[in-house]
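Visitor: Chains A and B, in that order, are what the protein sequence lines are. With numbering that gives the first Met the number 0 applied, the first sequence corresponds to residues 0 to 439, in that order. With numbering that gives the first Met the number 0 applied, the second sequence corresponds to residues 0 to 439, in that order.
To be clear, the hints were calculated from the coordinates, so they are not data collected in a lab. Be aware that one or more of the hints could be misleading.
[As the list claims (entries may be wrong)] 20 Å max Cα-Cα, derived EDC-like pairs, lysine to aspartate or glutamate:
(1) Lys179/B x Asp16/A
(2) Lys306/B x Asp317/B
(3) Lys175/B x Glu201/B
(4) Lys175/A x Glu205/B
(5) Lys179/B x Glu151/B
(6) Lys179/A x Glu231/A
(7) Lys353/A x Asp300/A
(8) Lys179/B x Asp229/B
(9) Lys179/A x Asp16/B
(10) Lys306/B x Glu213/B
(11) Lys306/A x Asp16/A
(12) Lys175/B x Asp16/A
[Said to hold, decoys possible] Okay, the calculated beta carbon distance ranges per label pair:
(13) Ser38/B x Ala267/A: 18 to 28 Å
(14) Pro204/A x Gly214/B: 34 to 44 Å
(15) Pro56/A x Arg96/B: 37 to 47 Å
[Said to hold, decoys possible] Here chain A is said to cover these stretches of chain B; the calculated rule only asks that three of the stretch's residues, wherever they fall, bring their Cβ under 8 Å from a Cβ of chain A:
(16) 59-68
(17) 76-87
(18) 119-129
(19) 279-286
(20) 305-319
Using N, Cα and C, we set each Cβ at its ideal position, and we do this for glycine too.
There are 2 protein chains.
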Amino acid sequence: MEIQPARHSHVLDPFVDRYAARTAGMTASEIRALFAVASRPEVVSLAGGMPNISGLPLDVVGGAISDLVATQGPVAMQYGSGQGVPELREQICDVMRLEGIEASADDVVVTVGSQQAVDLVTRVFCDPGDVVICEAPSYVGALGVFRSYQCEVVHADMDAHGLVPEALRQAIRATKAAGKRIKFLYTIPNFHNPAGVTLSAERRPEILEICQSEGILILEDNPYGLLGFDREPMRAMRADAADGVIYLGSFSKTFAPGFRVGWALAPASVREKLVLAQESATLCPPQFSQMAISAYLAQHDWQGQIKQFREMYRERRDAMTSALSDLMPAAVRWNVPDGGFYVWLTLPPGINAKAMLPRAVTARVAYVPGTAFFSDGFGSSAMRLSYCYPTPDRIREGVRRLAGVLEAEIELHSTFGTGTDTAELRLGSRGVENPGTDVH
Amino acid sequence: MEIQPARHSHVLDPFVDRYAARTAGMTASEIRALFAVASRPEVVSLAGGMPNISGLPLDVVGGAISDLVATQGPVAMQYGSGQGVPELREQICDVMRLEGIEASADDVVVTVGSQQAVDLVTRVFCDPGDVVICEAPSYVGALGVFRSYQCEVVHADMDAHGLVPEALRQAIRATKAAGKRIKFLYTIPNFHNPAGVTLSAERRPEILEICQSEGILILEDNPYGLLGFDREPMRAMRADAADGVIYLGSFSKTFAPGFRVGWALAPASVREKLVLAQESATLCPPQFSQMAISAYLAQHDWQGQIKQFREMYRERRDAMTSALSDLMPAAVRWNVPDGGFYVWLTLPPGINAKAMLPRAVTARVAYVPGTAFFSDGFGSSAMRLSYCYPTPDRIREGVRRLAGVLEAEIELHSTFGTGTDTAELRLGSRGVENPGTDVH
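The following block holds chain A by itself, in its conformation from the complex:
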């Protein structure tokens, strides 16, 4: 049999020469490749970001939706406005008021999860080659969107108090010096995914001031803001800068993700563009989902439900951080998040989280390697652990397995050495401000 590798690959994808240039940036994320493995029941997945919605009152939700079909079925099942259901947009304003935002429902655009909001904002603002400034590390799903629009991502360091203002200034200076156009700062100020840190109240005006004086829009992505463990929600940056901030919210973590309802709150001119983009993308967001959530919010003590979620996630955070304290080798470091879903682990020099992953999965535990959260290959000696979905017992068991794998790695490394590769040296230079290093 003749070997024809070139032709064989042509047979594999006959369209290979026809795709748009942007598809070069559309590759399977490291999280996605993990899903198949991590969903096997014997594996403790500390990888995914699925909320635990088992505490939702199914009778209340079922009743609200039954009523909706019976009383408003023909409206709920019909096409709706591209901007979203007006009544829900009013309720979204009530939700945002908890973070100090006074907004008009006219400036809210409902999206298919806040993921779609990131997509639509990027669609409206970014030409190929435009720069988006992101925290280091940043949300893997947003990095994927920026890549798919052929943007360049420039990272700015965080520390235990969130984005470092001086790092932001440096990133802006360097980008402008290189003659590139910055379209916006993408930031997750509260209970950061993946870093687990929160931008301090003291820094918020400074970050706003920097962006305002440099003419840079802020994309404030806030899916976790109401899920703090220890205090009232922080004041949103949008609350103090209506003109310079596009704020993104979501019901995925405070209610349920399966309805795919998020939103963007934007300055009026941007909002108009987002509505046009939404109509082009989907005609309108799911009307039934929106009215179901609207009915839930109207009929249920949704703030009480969020309080229950916070207590449940705090218990899981405690399970994870106490297991980490009890079980992890001494050289491993992490932060203790005071809200949200994630802990960011920094490994000792020479340990590569991505290379180690197959051995971890063999030991029946999964995580996301740190490299997924950087656009530039950094993060190889870090990982994200999620405590949102597994039970406390499973979390402890997962950490135990992971600690065992790490101990073996560290021992192997100290016995044989593996050298320190370039990427790790570069990460090291960022490690000074690494959010994982301060608390533990």
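With the hints as your guide, set chain B onto chain A.
Guide: Quick look at chain B alone, frame taken from chain A:
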């Protein structure tokens, strides 16, 4: 007070210099501008494409969704696969089998309505400047997507039997001669929106053969295929060319649009790209919507329901075409569609449907001017009338009002003349093959 027009427009949109180049193509459609007007109760809207879902069995739908929440709530409300719910994808294959398609659920990607499928396919294939060949006229929502991806649309004429093979050949030749890259043919073979015609069985192999020999992919958009009045569904082009066709389907017209569930069936390599694009756009399509539709399909005689829809729409088609016969001035022409939602009206020379629209709305009837369905300014003496949503009595009343407006226009034109503008001359050259001219 000083007049500062430049500065004033800057105040209106402070972001005007920052948007992506693609936003130049993202403008409010003529249909959208009409919505506010046409939704006033005193106006008979023959403009929109909303299905009439009042015949849906609300008790069945409500029961199915109640059961869904009670028995599978935590799954239905959770994140799902980017490709869509596997069970629903199997059921989608059952639906497509009615049109002769034998497909694997592995090659189906669920989308947020088939509008999102058009968006994702364009995202995957089209760089700025790439050409999409579309029928003349074509679906306004698809033209909007192509514009937003900075594609060039080249129209190919239709007649009473759908897309004219020789027109397609000419369009391909001219485009290639101009050194441009054709990415796909976008076609609506059944009960065309807006032209109301169906691609004949005789022409289908010829269209397939042309595209195959020219290396052009076909995007077969088929929301209305099961809504024929007089015969069994036509065999889909995808049924005879699995490798060269991306097939789009939707539950919006055969069930209900408010769930926003459509799909793409694509060759495996393209399907992989579409899943990545879907994950980037929304993470996953709405899980709750998908499982609700899946439950409806499993528990209800959905084919019987479609039969009821067909009978209801046939009655409305009859109401419209008999009113047109009874009431329209002699020089107006239209086709009699044998399925779907739309009649395409061609007006006498010199009558401009877009210019006439304000007078029609004053007379309390709305339609969509033909120009909305061309990328190039053609269509000024045509309009789309929808019979899907108003009751037969209202349809007749709407046609009566429209006939009155047209009579006055024609009289005004014959008394004073208005000259024939260039755009109309160009339309005239297309009018020979115009789908509106054959039946009446």
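Visitor: So, for every hint listed, does it hold in this structure?
Guide: Hints versus structure:
Proximity of Lys179/B to Asp16/A is assessed by CA-CA distance (about 15 Å); at most 20 Å being required, the pair is judged to hold. For a cut-off of 20 Å, the pair hint linking Lys306/B to Asp317/B stands: about 16 Å separates their Cα positions. About 26 Å separates the Cα atoms of Lys175/B and Glu201/B, which puts this hinted pair outside 20 Å; it is violated. With a CA separation close to 55 Å, the supplied pair Lys175/A and Glu205/B exceeds the 20 Å bound.
Of the supplied pair hints, the one linking Lys179/B and Glu151/B holds, its CA atoms being roughly 9 Å apart against a limit of 20 Å. Of the supplied pair hints, the one linking Lys179/A and Glu231/A is violated, its CA atoms being roughly 39 Å apart against a limit of 20 Å. Distance restraint check for Lys353/A and Asp300/A: the Cα-Cα separation of roughly 43 Å exceeds the 20 Å cut-off, and the hinted pair is therefore not satisfied. Between Lys179/B and Asp229/B the alpha-carbon distance is near 41 Å, which puts this suggested pair outside the 20 Å criterion.
Note on Lys179/A and Asp16/B: the hinted pairing holds, with a Cα-Cα distance of about 15 Å set against a maximum of 20 Å. A C-alpha spacing of about 39 Å is found between Lys306/B and Glu213/B, which places the hinted pair above 20 Å, so the restraint is violated. For the proposed pair Lys306/A and Asp16/A, the alpha carbon gap of about 52 Å is over 20 Å, so the pair is violated. As the CA atoms of Lys175/B and Asp16/A are separated by approximately 17 Å, the hinted pair is consistent with the 20 Å bound.
Between Ser38/B and Ala267/A the C-beta distance comes to about 22 Å, which sits within the given range of 18 to 28 Å. Our hint of 34 to 44 Å for Pro204/A and Gly214/B is violated, since their Cβ atoms are close to 58 Å apart. For Pro56/A paired with Arg96/B, a C-beta distance near 40 Å keeps the hint of 37 to 47 Å intact. A stretch counts as covered by a chain when three or more of its residues have a beta carbon under 8 Å from one of that chain; for the stretch 59-68 of chain B and chain A the count is 5, and the coverage holds.
By the rule of at least three residues with a Cβ nearer than 8 Å to a Cβ of chain A, the coverage given for the stretch 76-87 of chain B holds, with 5 such residues. As drawn, the stretch 119-129 of chain B meets chain A at 6 residues by the rule of a beta-carbon pair under 8 Å; at three or more, the given contact holds. For the stretch 279-286 of chain B, the stated coverage by chain A holds: 8 residues have a C-beta nearer than 8 Å to a C-beta of that chain, and at least 3 were required. A count of 0 residues in the stretch 305-319 of chain B with a Cβ less than 8 Å from any Cβ of chain A is obtained; the coverage claim is therefore unmet, three being the minimum.
Figure legend: structure checked against the earlier numbered hints; hints not met, in rising order: 3, 4, 6, 7, 8, 10, 11, 14 and 20.
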